[in-house]
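Asker: Spelled out from the first residue to the last, the chains are:
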Amino acid sequence: MTNLDPHPAREADLAITRRLLFGRSALGLGTAALAGLLGREGLAAGSPDLAVGDGLHHRPRARRVIYLFMSGGPSHHDLWDHKPKMQEMFGKDLPAEVRDGQRITGMTSGQKTLPVCPSRFEFRRYANNDRGVWVSELLPYTARVADKLCVVHTAFTEAINHDPAITYIQTGSQVPGRPSLGAWLSYGLGRANDDLPGYVVMHARTNFAEQSLFNRLWGTGFIPADHQGVLLRSQGDPVLFLANPAGVSRADRRAQLDALSALNEAQHERFGDPAILARIRQHEMAYRMQTSVPELMDLSQESERTFALYGEDARTPGTFAACCLNARRLAERGVRNIQIFHRGWDAHGNLVGEHRSQCKDIDQACAALILDLEQRGMLDDTLVVWGGEFGRTAYCQGKLTRENYGRDHHPRCFTMWLAGGGVKAGITYGQTDDYGYNIADEYGQPLTPQPSKEHWTPGTMHVHDLNATILHLLGIDHERLTYRYQGRDFRLTDIHGHVMHDLLA
Amino acid sequence: MPDETTPRTSICLSGFLVAAAALATGAPAQDHRVDFAREVLPILSDKCFACHGPDTREEGLVRLDSRAGATSDLGGYRAIDPAALEDSEILARIHDAGDPMPPADSGKRLTDHERGLIDRWVREGGEYAGHWAFTPPTRGASSAASIDEHVAARLAARGLDLAPEADPATLARRAALVLTGLPPEPAQLGRFLADPRPGAYEQLVDELLDDPRYGEHQARYWLDAVRYGDTHGLHLDNRRGIYPYRDWVVRAFNQNLPLDDFVTWQLAGDLLPDPSLEQRVATGYVRLNPSTAEGGAIPEEFQAKNSFDRTETFGTVMLGMTLTCARCHTHKYDPITQREYYRLLAYFDSTAEASMDGNRYEYAPVVRAPGDQDGWRRWQELEPEIRALTRAGRELHAAQQVEWRDHAKQAAGYRATDWRISDKVAGDKVAGGEVTGAAPPAGSDGWQAAKGLPGTVPKLSLGAEQVVWIEASLAAAVDQVLWLELSGGPRSAVWLDDVAVAAAVQPSGALAATPLRLAPGAHRLRIRLAGRDQATPVSVELVDPWQTLARGGDWDACSPGEQLRMLADPLAPLGDEPEREEFRARARELGSRLDALQQAYTTTLVARELDRRRPTRILARGEYDLPTGEPLEPGVPEVMGVPVEGQPTDRLGLARWLVGPEHPLLARVLVNRFWQRVFGHGLVRTPEDFGLQGEQPTHPELLDWLAVELRESGWDMQHVLRLMVTSRTFRQSSAWRDDVDDPENRLLARGPSHRLDAEVIRDVALWASGLLDPTMGGEGVKPYQPDGMWAALAHPASNTKRYVPDTGRRTYRRSLYVYWKRTSPHPMMTLFDAPSREVSCVRRSRTSTPLQSLGLLNESQRLEMAVALGQRLLREAPDRDARIDLLFRLLTCRAPTGRERAVCGELLATMRSGYAARPADAEALLGRLGEGRDTDLDPAEHAAHAQLAITVLASDLALTVY
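Listed in order, the protein sequences are those of chains A and B. Read in order, the letters of the first sequence are residues 7 to 511 in our numbering. Read in order, the letters of the second sequence are residues 2 to 963 in our numbering.
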């Protein structure tokens, strides 16, 4: 059983290497639990032998992950999944056999018709290392790095509404209460930089903040709370309470911390509780963060070339471009676990205007991040993931015109891409039917039975499969990264998940 | 992959190695029979049951979760062969050199120690016994008759003794923090330290138990467990009206409501006979699940999710059991079938609220209840009086039922028509009440038909200096009394047929409900409605207290307010008894007191049962759209006993079963959580799981002894807490001992020490600084938090999108009252491990992070508290040493050591000289305190003391219990 109280003395006594430690599971100790203890205390103590990239269960293909999360559900129809045949069907009712009983949300279940809604955006085929990939005019920059992307057309989920769907893809469960993907990674991998948090979350600015986010998406559920994502903010202190308050100088703080340490050391001599020493170390790390984080956020040393690459937006704190640039800077400094949330993809009406704006926010920066990582030799061991919690419907929600339309939520298929560490570059994976509605076989026929989380179907990627694959690339076996709570060994992927070996380089 | 050749050198395995060595030498191992329930069953559960347990489906797989299964004939051999124990297959399989059980692909492996235990158990007969937690607790065979005897016995077996007592000052601090969440008041501490008599400590404990802050502190643990929040929790995460429930919990603990009632009211207060308002408010427990109204969500799906949540939370909070597995399939470890899960769920599946919350604050059903503890106090005084009168009224009504019904029907025939409203006019244009006649009043441009009246005129509100005029025609069939309820302020007035009607003003500044006596025929009603705050809604209600009776309801269907008004009605057919006038006068008096009280009422979510139960079926794989089989009757898991005879099969029956004398779990689960909050860890260190996969109690007999003690004391929580904090075990010094190798303190060979919870950390600083506002109850408060934290996450339509901090005293309330937005709780709470309250939490983690350090030293309110505390030191103590003494007295209850004094003195000197040279910095720091700042103090001196205060507040002296 994992003990939630840190016992640093014992851990300090361990004084053993990580590899030695993980060899010990044969002796009946919970591997992950010990990993977690080390992640919390061993690393805080600054144990240099816990080297970056050792991996927990196997040699990792990526040492860090940057997850670009498009909250609200980007339309695969209008960005990635080209369906020219839908043009002929404009405005006609979606054939019943295509929908085939799929439950639809209360927002369109009352509509008299479900008119087919072809994308009004032009698609071009871009060369990759495979058959090429179709990309819409909304993503011109991303299209130009198509040869570095692994585009998956067949991501799917069961959830049809935002709160359950985003909770599902980020925590492996549709209802609150489970640790997030980022928390699992933090728990499994520990921290590689003593002066920065191990798991950083950013919220990028959007013109359409239509859906909510929740602390639970980077929260820890039942695992210790120090694995939660630390918000890197564009407003006020970049990290909460980072700056010394007005009237308190750095020298004042040093004097305070010296006094604090002296008082705590006396307390330790009196009681011998090693947790007191652990807290002394945390105070010192906070002191170091007060310089390391501002240094991180200071873009003045970035070159003009960099800003040309990411776009002028990157100079404005809080933009998606600035977040991407920060992500690269974090990655350079050893932070392994970085997430950017960009809201505003929930286009029930006015999809054309909204997605134009959304894509303008992200397109250049996504491409820039990949190119920048590549130039610095970091793309090989950095995994970049892009996608939302579900896709959007083939049929129109609300009024359909040639110029504009809306789309409801669609769980059965949507497009995500991965790039970098350990992933095949320049391929597309899986395909959907002529309506972008169902996952299809190579001839475009909907798969029967429907793919499900119960058994992996080649050519598909359930959200559990995605998460299993992310863990795998980082050196973690998703079936073995467990945390015992309420008598059960919980996993990010519940009892599901399949590592997508088809996507691995 | 694990390296099999790894040398076994680790120190952390010492415990295991010692145990193995003991086994090898055979010393203590053989002198008792193996205890199946405590020693073997956990091994079988963890290592075998996934395949050979309750959920075994594969044909031919032997089940090892019962003796019948284990001894069944498997074709000439048996897993356990009672006739030839040595030939039991289980022995062969676990020792198979080539392919030992459990199989390699299971990821499980038996240790030598575990294998040895199984060997011995089989050779001793392979008898089964129930899991300890499913057997009702008894005081047991042990002669130990107190906490200390139980603990000492276990220590003595290892040749150890209890640690020496902590010094009295430290002990007083420890007890006060444990019971009230705050240090002792200096005067109280002084009395205690000066009192040499035996029993002085016990007296201190009694004082602490009597302190209203006790209930606040204890309530917080319960609110974690039941996942109390001030918002709905999903999607928009809008506001939710539920804080009267939180205030009820505080009151219940302060009044030491017996825990069987405490639990019963929450589960089923609405189903008790003639439930009181408090009993109904307590059913807010049933409504605490997160809820959604996301556009497009499917109601049936959320009906299922809500019921899952309630069932599983019930499991954690009341049973200490995880039931979640059984939602989708029969539990793999614990003997709970999927069918039993859904029968338990059926108790919670027929409450009357819609499955989606409509994003509404008043997510019905709701009741109106006092909005703060002062209101509740007045309610508790008034309620028995009203109850006595309305009970007497019931008899009067019974005697004159026909006459009452007739009167009610005739009174209900009144009509109110032609509602008209004037434009808003500024108050100063209106001269008194002299305006009469049908013409629009002076200063108003005209009349128009009033949409929404009687009722509330949508989107129209009055400022404090504005009035509107309202008119209506009334027609009555009989002589009758109607009640007029206005939203307006004290300058409002009412005329009936141009005659001013006397109207009283409420304490809140609103006009009180006004009786209108109508003779048969037509009348003109004119109202001058005056605003009373920034946005008084324009609302006028006409209330006929007879309407419930007129609609065919009986006396008990009428609200207490209606009953009082009927009894006060001079026209009511009360009969001819001479005391009827007294009745009327009494009813009038109580009615107006109730009216006054109700002005400050708020709404709170409650449970109500549907008239017809929803059919509950097993949902295959837990999918809401896959119901299977016939509807199930509510029922309890068989392994935990049977429902109490003669009780209904509803939530009330469930509650009666839970608090019944044979229930194996509730008392154990509760005392374990009390132990956890007193000692830092439970006797069962997995308070969320008493099942087969949970930890064994460190002191099983003590746990059972306490559970019986709780039940036999009449479920007296304070009795049990008193036993714990007055025990010698609790009073031990918490210094780590060189002679005991027990870092987790499982032997209890030292006193408790751990970091305090988020709320306590904040409250201690508020208290020490003298800022703490002791006001109890009411809507959640919003102290400062960094800008933009809510807006960065919230849905644009959410009404919790903008965090508007409170000002003034409200920011100094105890942390229990801090507004709890479930998708984004206050950062100083989450930073120190407070849960989100989206799901039940019966054990918080206690982490240590650099972000906590930043919060402790830089957060705005901490600075404000430090400046206030520095000021207090300067004002209340004359010199340097006395100030450091006072600081230590407040935070540690003792004087500083010489070394501590030197450290503090040095910091003060450094800071003083620094701030003397940087007066602007001193001002910037001291400006935090605003108006409360004493500007007569020397700024450099004051700033230095503020820095000392925030430093000591951030140290382990203040941050931990020890």
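It should be emphasised that the hints constitute simulated quantities derived from the structure, not laboratory data. Misleading hints may appear alongside valid ones.
[Stated by the list, open to error] Subject to a maximum C-alpha distance of 25 Å in a straight line, what follows is the list of computed SDA-like cross-link-like pairs (lysine to any residue):
id, chain 1, residue 1, chain 2, residue 2
1, B, K783, A, H502
2, B, K802, A, I501
3, B, K783, A, R321
4, B, K333, B, I95
5, A, K459, B, G623
6, B, K333, A, I501
7, B, K333, A, D99
8, B, K109, A, L100
9, A, K430, A, S179
10, A, K459, B, I95
11, B, K783, A, K405
12, B, K109, A, N250
13, A, K430, A, D99
14, A, K459, B, P628
15, B, K333, A, N250
16, B, K109, A, G138
17, A, K405, A, Y132
18, B, K109, A, R490
19, B, K109, A, D99
20, A, K459, B, R58
Asker: Does each hint fit the structure? Answer for all of them.
Answerer: Cross-check of the supplied hints:
Of the pairs offered as hints, the one joining K783 of chain B and H502 of chain A is violated, with about 42 Å between alpha carbons and a cut-off of 25 Å exceeded. Taking the CA atoms of K802 of chain B and I501 of chain A, the gap is near 36 Å; set against the 25 Å cutoff, the hint is violated. Distance restraint check for K783 of chain B and R321 of chain A: the Cα-Cα separation of roughly 34 Å exceeds the 25 Å cut-off, and the hinted pair is therefore not satisfied. Straight-line distance between C-alpha atoms of K333 of chain B and I95 of chain B comes to about 21 Å, which keeps the hinted pair within the 25 Å bound.
Between K459 of chain A and G623 of chain B the alpha-carbon distance is near 14 Å, which keeps this suggested pair within the 25 Å criterion. Between the alpha carbons of K333 of chain B and I501 of chain A the distance comes to roughly 13 Å, so the proposed pair stays at or under 25 Å and holds. Restraint check for K333 of chain B and D99 of chain A: not satisfied, since their Cα atoms lie roughly 47 Å apart, outside the 25 Å limit. About 51 Å separates the Cα atoms of K109 of chain B and L100 of chain A, which puts this hinted pair outside 25 Å; it is violated.
With a C-alpha separation of about 28 Å, the suggested pairing of K430 of chain A with S179 of chain A is violated against the 25 Å cut-off. Restraint check: the Cα-Cα separation between K459 of chain A and I95 of chain B comes to about 35 Å, which exceeds 25 Å; the hinted pair is violated. With a C-alpha separation of about 43 Å, the suggested pair K783 of chain B and K405 of chain A falls outside the 25 Å cut-off, and the hint is violated. Between the alpha carbons of K109 of chain B and N250 of chain A the distance comes to roughly 51 Å, so the proposed pair goes past 25 Å and is violated.
Note on K430 of chain A and D99 of chain A: the hinted pairing is violated, with a Cα-Cα distance of about 38 Å set against a maximum of 25 Å. With a CA separation close to 20 Å, the supplied pair K459 of chain A and P628 of chain B stays within the 25 Å bound. Restraint check for K333 of chain B and N250 of chain A: not satisfied, since their Cα atoms lie roughly 53 Å apart, outside the 25 Å limit. This hinted pair does not check out: K109 of chain B and G138 of chain A have alpha carbons roughly 47 Å apart, beyond 25 Å.
For the suggested pair K405 of chain A and Y132 of chain A, the alpha carbons sit about 32 Å apart, so the restraint of at most 25 Å is broken. Straight-line distance between C-alpha atoms of K109 of chain B and R490 of chain A comes to about 14 Å, which keeps the hinted pair within the 25 Å bound. Of the pairs offered as hints, the one joining K109 of chain B and D99 of chain A is violated, with about 55 Å between alpha carbons and a cut-off of 25 Å exceeded. Simply put, K459 of chain A and R58 of chain B have alpha-carbon atoms about 21 Å apart, close enough for the 25 Å limit, and the pair holds.
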